[in-house]
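Chains as they are written, first to last, in this note's numbering: chain A, 1 to 530; chain B, 1 to 316.
Think of the hints as simulated: they come from the structure by calculation, not from any bench. C-beta atoms are modelled at their ideal positions from N, C-alpha and C, and glycine is treated no differently. Don't take every hint at face value.
[What the hints assert, rightly or not] Capping the alpha-carbon separation at 27 Å, the derived lysine-lysine pairs in DSS-like fashion look like this: (1) A/Lys195 with B/Lys54; (2) A/Lys507 with B/Lys160; (3) A/Lys195 with A/Lys125; (4) A/Lys283 with B/Lys219.
[As the list claims (entries may be wrong)] Here are a few chain B residues that sit away from chain A, every Cβ distance over 10 Å (derived from the structure): (5) Ile10; (6) Ser11; (7) Leu36; (8) Leu62; (9) Tyr167; (10) Arg209; (11) Asp211; (12) Val289.
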Amino acid sequence: MRIQKWHVSGRGIMKAIGIGLIVILINAGLLVSTQAIPKRGGTLRITIPTDLTQIDIHKINAGIDNQVLVMTVYETLLTYDEKTNIRPFLCESYKFSQDGLTLTLNLKKGVKFHNGEEMKAEDVKFSLDRCRDPKLPGIHMDDLKPIMEVKITGPYQVQIVLSKPMANLINLLANCVIRAIAIMPRKAIEASGNKVVKPIGTGPYQFASWERDNKITLKRFEAYSSADGPINGLLGKRHAYFDEIIYYVMKEDATRIMALDRGDVDMVTWVPYMQLDDLKKRKDLNIFKGVAPQSSHYLFFLNFNHPLLSKLEFRKALAYALDRNEITKVALWGCGKPSFSIIWPTSQGYSPEIEKLAPSYDPTKAKEFLKKSGYNGETIGILTSKQYSMYYDQAVAAQAMWNSVGIKTKIEIVDWATHMVRWKQGQHDILSFSMIGRLDPIAQAWVLGPNNYYGYKNQEVFSLIKAMEGTLDQEKINEYYGKIYEITTKDIPFLINFYREDTFAIKAYIKGFDKFDIFKTRVWNLYSDK
Amino acid sequence: MTHYLIRRFISVLLTLCLVSILVFSLIHLIPGDPVLVILGSTAEREQVETLRNKLGLDRPLLVSYVSWMANLLRGDMGTSIITGEPVTQMIVQRLPATMTVAAAALLLSMLFSVPAGLIASLRHNTYIDYIFSGLVILAVSAPSFWLALLFMLLFSVKLKILPMMGYVSIFENFWQGLKYLILPALSLTFMLGALLARMTRSSMLEVLREDYIITALAKGIPYWLIILKHALKNAFPPVLTILGFQIGYLLGGTVIIEDIYSIPGVGRLIFSAIVSRDYQVVQGCILLVTVIYVFVYTIVDISYVYFDPRLSYDKK
Chain A
1 MRIQKWHVSG RGIMKAIGIG LIVILINAGL LVSTQAIPKR GGTLRITIPT DLTQIDIHKI
61 NAGIDNQVLV MTVYETLLTY DEKTNIRPFL CESYKFSQDG LTLTLNLKKG VKFHNGEEMK
121 AEDVKFSLDR CRDPKLPGIH MDDLKPIMEV KITGPYQVQI VLSKPMANLI NLLANCVIRA
181 IAIMPRKAIE ASGNKVVKPI GTGPYQFASW ERDNKITLKR FEAYSSADGP INGLLGKRHA
241 YFDEIIYYVM KEDATRIMAL DRGDVDMVTW VPYMQLDDLK KRKDLNIFKG VAPQSSHYLF
301 FLNFNHPLLS KLEFRKALAY ALDRNEITKV ALWGCGKPSF SIIWPTSQGY SPEIEKLAPS
361 YDPTKAKEFL KKSGYNGETI GILTSKQYSM YYDQAVAAQA MWNSVGIKTK IEIVDWATHM
421 VRWKQGQHDI LSFSMIGRLD PIAQAWVLGP NNYYGYKNQE VFSLIKAMEG TLDQEKINEY
481 YGKIYEITTK DIPFLINFYR EDTFAIKAYI KGFDKFDIFK TRVWNLYSDK
Chain B
1 MTHYLIRRFI SVLLTLCLVS ILVFSLIHLI PGDPVLVILG STAEREQVET LRNKLGLDRP
61 LLVSYVSWMA NLLRGDMGTS IITGEPVTQM IVQRLPATMT VAAAALLLSM LFSVPAGLIA
121 SLRHNTYIDY IFSGLVILAV SAPSFWLALL FMLLFSVKLK ILPMMGYVSI FENFWQGLKY
181 LILPALSLTF MLGALLARMT RSSMLEVLRE DYIITALAKG IPYWLIILKH ALKNAFPPVL
241 TILGFQIGYL LGGTVIIEDI YSIPGVGRLI FSAIVSRDYQ VVQGCILLVT VIYVFVYTIV
301 DISYVYFDPR LSYDKK
């Protein structure tokens, strides 16, 4: 038998080794990368539905101002990670004293403001004092009342001294969607007479210009130094890939979508719900929608000074007559989460199970409770506004449902300013309204507290809120919060219908947007691969 | 003429005084609280009271009015409750955009409407006249916001030949500014032009029946000279009246067009000030609109003399 000998040359061996290595490296994904490398440059163009109201974040409450300026231009001491846990951001660490009456914040070193100054303890003290200054008036002059003093205990350390434990202090320091406590440079603000002439912060983008009713332009801050490390929610390195960001003010839904079609903008916020299905079919767009932690919940306030609405049986009749799924379809084209819960759906304390405690759609039960309440066919007013179409749409849907069980109602439409006044003064029967969501149970439960405007008085709920305010134990807070929710399912102080989904339409060449960005869009992590 | 101008000036002052009282009292009487608009739904009671005090909104109305008038006489229209900016500055920033759009819309409408009305009158009761009447009805019936969206869809989105929205001043960049003006001006032209054309036609029809036109024809004066010099000139005063009204209307700002095209004009400012109960801005803007109307009508009244030499404001 002949044995064939294989002659293998040295060159051949080297070739084989090389090919083998290449195969191994390809499998390891080191040579052929499927991930695009983000490139810097270009302009990100975003639409917003209304113009800024002001540029002084310490004075104002408008969500749009926070959306545009916070975490782009201004930054906060604490912020949220991917799971909305609160973490240090402009500080390296924070710690409460044993008795909960002092919060020590150790600031990061080398953080630069846009004017080149370094952020120090005096700037943090100045910002904390300013936002609660009644003469300004600061946006936090009421809820930060427990702060007795902000002390500078080192060039990079401040201490917040409290008159009583304040459970939601860190929530307030981390707020970035609304009522943010932005850190501003003391010297620059004082030099301009305590006025913000131009926003100066520590963010990855600096304020360039504001053309009223037209656009706001931000430019990359090249010396950005606040954050580093892997991206984790709002933590981590802020890359600022785009050279500039322009927010275009476009009030009309049709105009926003046309601008997207034309290529004049790259991202549309507040996409009209009725167009979502059509837009989803397009290959040049990515559509994102979801209930964010701060999403508004839409509800009916019931005036407890009204002879009928103060009766539990009547309120139950109203509650059992409502089909929240249908109301959500009518008001939001289904783009919302039907819910009765004051605990927001993305919260750790929420589960779909808790909705079972709430009154569900049952017209038969509604009629039974209506009979027990002694209702004699009186007409109940529903006050609403068309400022946000959902207010009116939910009122119309509810009117039909209440009518079907025999409850007569009449819708009264007023303008927004009148709507606000009548809400504050309790001049309504049923009020169609919404509340902005908070990532803070204490703030979320404010509407049930002693300062509510619709006359609800439940001492047990007040005690639970007080107990929440007086502890720093998050588990206890969640426990009290759960109990408050249970009470609302029995007492029915109001009728929550749904949590609205936020919607985004983004050009397919814009990369980096994911589910977290529905909560707070991290424009500094977005890039174009056009 | 001097006496007329002095009398006119006095009546303007009285008008402005009356308008100031009316607008001040009306805006303060309607329900709504600007402090709540500023502070939003989560504002605490104490915060609301503090801001109300800071903005002077807790003073008696008469005190507020007198204070506002005193400042106005010094040229100070006050400060916006919502933004804290001087009202004068806010108006001055926005007026050029509104004036540019208004001027473009008027020029465009006159360019088409006056010749169209003229031709329709000369071809009275012919097919040209009937087509003209039909087009005028169509133009007046089409809402300007609907036209705006249609034009945007056609010229900006489908054909991509004109920008969709925004504003660039023609004084900064003429050709760029002109591109941004075309669609807003076109959206307004239809309605404005229809009214002007209709008035031109009916006014011309009246004048063409006059004896002096027949005399001019009999004298053998060229037809085009009779039409343009004798007929149109005499027919123009009523057209001028409509034009004056339209100038005032446009300079008050057309909110919907400014909203759709994102033009930072006076119309949008007035609308958002009313919604947010920004009293100072509303008062300032309404007064501005009044001054514009009064000024324009004075010019129109004086120019009647040019078109009709029989008129005179001198005492005899």
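Status of each hint after checking the structure:
1. A/Lys195 with B/Lys54: Holds. A/Lys195 to B/Lys54 sits at ~15 Å (cutoff 27 Å).
2. A/Lys507 with B/Lys160: holds, 18 Å
3. A/Lys195 with A/Lys125: The hint holds at about 17 Å.
4. A/Lys283 with B/Lys219: Distance ~74 Å between A/Lys283 and B/Lys219 Cα, so the pair is violated.
5. Ile10: Correct as stated: the minimum Cβ-Cβ distance to chain A is 37 Å, above 10 Å.
6. Ser11: holds, 35 Å
7. Leu36: violated, 4 Å
8. Leu62: Holds, because the least Cβ-Cβ distance between B/Leu62 and chain A comes to about 22 Å, which exceeds 10 Å.
9. Tyr167: The assertion about B/Tyr167 is violated, with a minimum of 6 Å to chain A.
10. Arg209: B/Arg209 clear of chain A: closest Cβ-Cβ about 48 Å, beyond 10 Å.
11. Asp211: It holds; B/Asp211 is separated from chain A by about 55 Å at its closest Cβ, greater than 10 Å.
12. Val289: The claim holds: B/Val289 sits with its nearest Cβ about 18 Å from chain A, beyond 10 Å.
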